[in-house]
Amino acid sequence: MADALVFPIEEIPNADSVFMRAHKTHFRGGDLEPSVFKAQDGAMSVDWDKYSTKEETKQRAKKPTDNAVVSLSVGGIRKIKDLNVIHTPEPTNKAHSEVNLPDNRVDYIEARLRLHRLAEIVLPLG
Amino acid sequence: MPTTVEATCGWKDEATLPEIWVRPTKEDRELKTEIEQARTKLLALGHDWDGEDSAAYSKDTLDRAVSFLTTHSIKGYDLCSLYPPAPRIGPGPEGSIDLHWKEKTWELLVNIPADNSQMAVFYGDDYGALKIKGSFDPRTVNLGIVAWLMH
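If you read the sequences in order, they're chains A and B. Residues 253 to 378 in the numbering used here are what the first sequence spells out, letter by letter. Residues 57 to 207 in the numbering used here are what the second sequence spells out, letter by letter.
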């Protein structure tokens, strides 16, 4: 049996961007809502654009046609209080990275609204 | 004398909401429509509705969000003789509900938690230096939020 792939962890430069899927439920009248930004186990999963295209990010969804893709500037994320972006590659996804979100719920809601302003839709629904 | 938010607002129950909404201003119509949409769409989302393991939404959480909205809408009217704009009601993290106002000169996000023992939290700003943030018991009227909604 082949060994699982292990990718080295790299530092993500501020000049780079990350892609994130946005489920159709988070759109209202074509506009993306801040509800799309939420942590699972304290972090939000994204794909580093060095190792993923926006189309590849979309195709990683369980149901790709239900998802759009947004892009977020890494430097922009790091300007938000307490937020960081860390490369966390997985055996099946070298691009996998995480945006750490604040534990404090008041800081968390501020971070979500600021991430919403930062997001650019790069692959619309459909 | 009305004793509940629903009675004050002229509501009896959700099934008859369209007929008994008694304040037919543009803002009220928008809020009524938004609440009806939320009852239809949010409550229909089961566990893992987005393929990302997201939680479902309970009627209890939505009821608390609606109660917060009606209470603050009425207080805004009492203070300013105007109703505040209607927010978008959306699916927040871990079964919580987001209330999002995006206006030309300000924005506000309020989160009503799924756990009714937790405080609600909010953040808003004027796209500049002026901001409002904090936590509150959603069963009470927060005058800071009312003032923000009416400014």
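Everything labelled a hint here was simulated from the structure, so no lab data went into it. If you're wondering where the values come from, they're calculated on a predicted model, not measured in any experiment. Where a beta carbon is used, it is the ideal one built from N, C-alpha and C, also for glycine. One thing to keep in mind: the hints can contain errors.
List time: in silico BS3-like cross-link candidates among lysine-lysine, alpha-carbon distance up to 25 Å [what the hints assert, rightly or not]:
(1) A:Lys331 - B:Lys160
(2) B:Lys82 - A:Lys290
(3) B:Lys88 - A:Lys331
(4) A:Lys333 - B:Lys88
(5) A:Lys290 - B:Lys189
(6) A:Lys331 - B:Lys158
(7) B:Lys187 - A:Lys290
(8) A:Lys276 - B:Lys189
(9) A:Lys290 - B:Lys115
(10) A:Lys331 - B:Lys97
(11) B:Lys131 - A:Lys290
(12) B:Lys88 - A:Lys276
(13) A:Lys333 - B:Lys115
(14) A:Lys276 - A:Lys333
Part of the chain B face toward chain A, derived, beta carbon under 8 Å [claimed, not checked]:
(15) Leu99
(16) Leu101
(17) Asp109
(18) Ala112
(19) Pro147
(20) Gly148
(21) Asn167
(22) Val177
(23) Arg195
(24) Thr196
Pair by pair, the computed Cβ-Cβ distance ranges are [unchecked claim]:
(25) A:Val258 - B:Gln93: 25 to 35 Å
(26) A:Lys331 - B:Leu138: 14 to 24 Å
(27) A:Asp334 - B:Asp193: 24 to 34 Å
(28) B:Lys82 - A:Leu257: 51 to 61 Å
(29) B:Ala112 - A:Thr317: 36 to 46 Å
Hint-by-hint comparison with the structure:
1. This hinted pair checks out: Lys331 (chain A) and Lys160 (chain B) have alpha carbons roughly 24 Å apart, not beyond 25 Å.
2. With a CA separation close to 32 Å, the supplied pair Lys82 (chain B) and Lys290 (chain A) exceeds the 25 Å bound.
3. Taking the CA atoms of Lys88 (chain B) and Lys331 (chain A), the gap is near 38 Å; set against the 25 Å cutoff, the hint is violated.
4. Distance restraint check for Lys333 (chain A) and Lys88 (chain B): the Cα-Cα separation of roughly 36 Å exceeds the 25 Å cut-off, and the hinted pair is therefore not satisfied.
5. Taken as a hint, the Lys290 (chain A) and Lys189 (chain B) pair is honoured in the structure, with Cα atoms around 18 Å apart against an allowance of 25 Å.
6. Under the criterion of a C-alpha separation no larger than 25 Å, the hint pairing Lys331 (chain A) with Lys158 (chain B) is consistent with the structure, at around 22 Å.
7. Straight-line distance between C-alpha atoms of Lys187 (chain B) and Lys290 (chain A) comes to about 22 Å, which keeps the hinted pair within the 25 Å bound.
8. This hinted pair does not check out: Lys276 (chain A) and Lys189 (chain B) have alpha carbons roughly 28 Å apart, beyond 25 Å.
9. Simply put, Lys290 (chain A) and Lys115 (chain B) have alpha-carbon atoms about 21 Å apart, close enough for the 25 Å limit, and the pair holds.
10. Simply put, Lys331 (chain A) and Lys97 (chain B) have alpha-carbon atoms about 35 Å apart, too far for the 25 Å limit, and the pair is violated.
11. Proposed proximity of Lys131 (chain B) and Lys290 (chain A) is contradicted: the alpha carbons are some 31 Å apart, above 25 Å.
12. For the hint linking Lys88 (chain B) to Lys276 (chain A), the alpha-carbon distance of about 23 Å falls within 25 Å, and the restraint holds.
13. Under the criterion of a C-alpha separation no larger than 25 Å, the hint pairing Lys333 (chain A) with Lys115 (chain B) is inconsistent with the structure, at around 34 Å.
14. Between the alpha carbons of Lys276 (chain A) and Lys333 (chain A) the distance comes to roughly 28 Å, so the proposed pair goes past 25 Å and is violated.
15. At its closest, the beta carbon of Leu99 (chain B) sits 13 Å from a beta carbon of chain A; the interface hint therefore is violated under the 8 Å criterion.
16. Interface hint status for Leu101 (chain B): upheld, as the beta-carbon distance to the closest one in chain A is roughly 7 Å, under 8 Å.
17. Residue-level restraint check for Asp109 (chain B) holds (minimum Cβ-Cβ distance to chain A is 7 Å; threshold 8 Å).
18. At a threshold of 8 Å, the smallest CB-CB gap from Ala112 (chain B) to chain A is about 12 Å, leaving the interface hint violated.
19. This hint holds: Pro147 (chain B) has a C-beta 5 Å from the nearest C-beta of chain A, less than the 8 Å allowed.
20. The closest approach between the C-beta of Gly148 (chain B) and any C-beta of chain A is roughly 6 Å, which is under the 8 Å cut-off, so the hint is satisfied.
21. At about 5 Å, the closest approach between the beta carbon of Asn167 (chain B) and any beta carbon in chain A falls short of 8 Å, and the interface hint on this residue holds.
22. Restraint check, Val177 (chain B) versus chain A: the minimum CB separation of about 5 Å is within 8 Å; hint holds.
23. The beta carbon of Arg195 (chain B) comes no nearer than 17 Å to any beta carbon in chain A, farther than 8 Å, and the hint placing it at the interface is violated.
24. A hinted interface residue such as Thr196 (chain B) counts as satisfied when its beta carbon comes closer than 8 Å to some beta carbon of chain A; here the least separation is about 17 Å, so the hint is violated.
25. Between Val258 (chain A) and Gln93 (chain B) the C-beta distance comes to about 47 Å, which lies outside the given range of 25 to 35 Å.
26. The supplied range of 14 to 24 Å is broken by Lys331 (chain A) and Leu138 (chain B), whose beta-carbon atoms lie about 36 Å from each other.
27. Take Asp334 (chain A) and Asp193 (chain B): their Cβ atoms lie about 25 Å apart, and the range 24 to 34 Å holds.
28. Between Lys82 (chain B) and Leu257 (chain A) the CB atoms are about 57 Å apart, so this pair conforms to the stated range of 51 to 61 Å.
29. The supplied range of 36 to 46 Å is broken by Ala112 (chain B) and Thr317 (chain A), whose beta-carbon atoms lie about 22 Å from each other.
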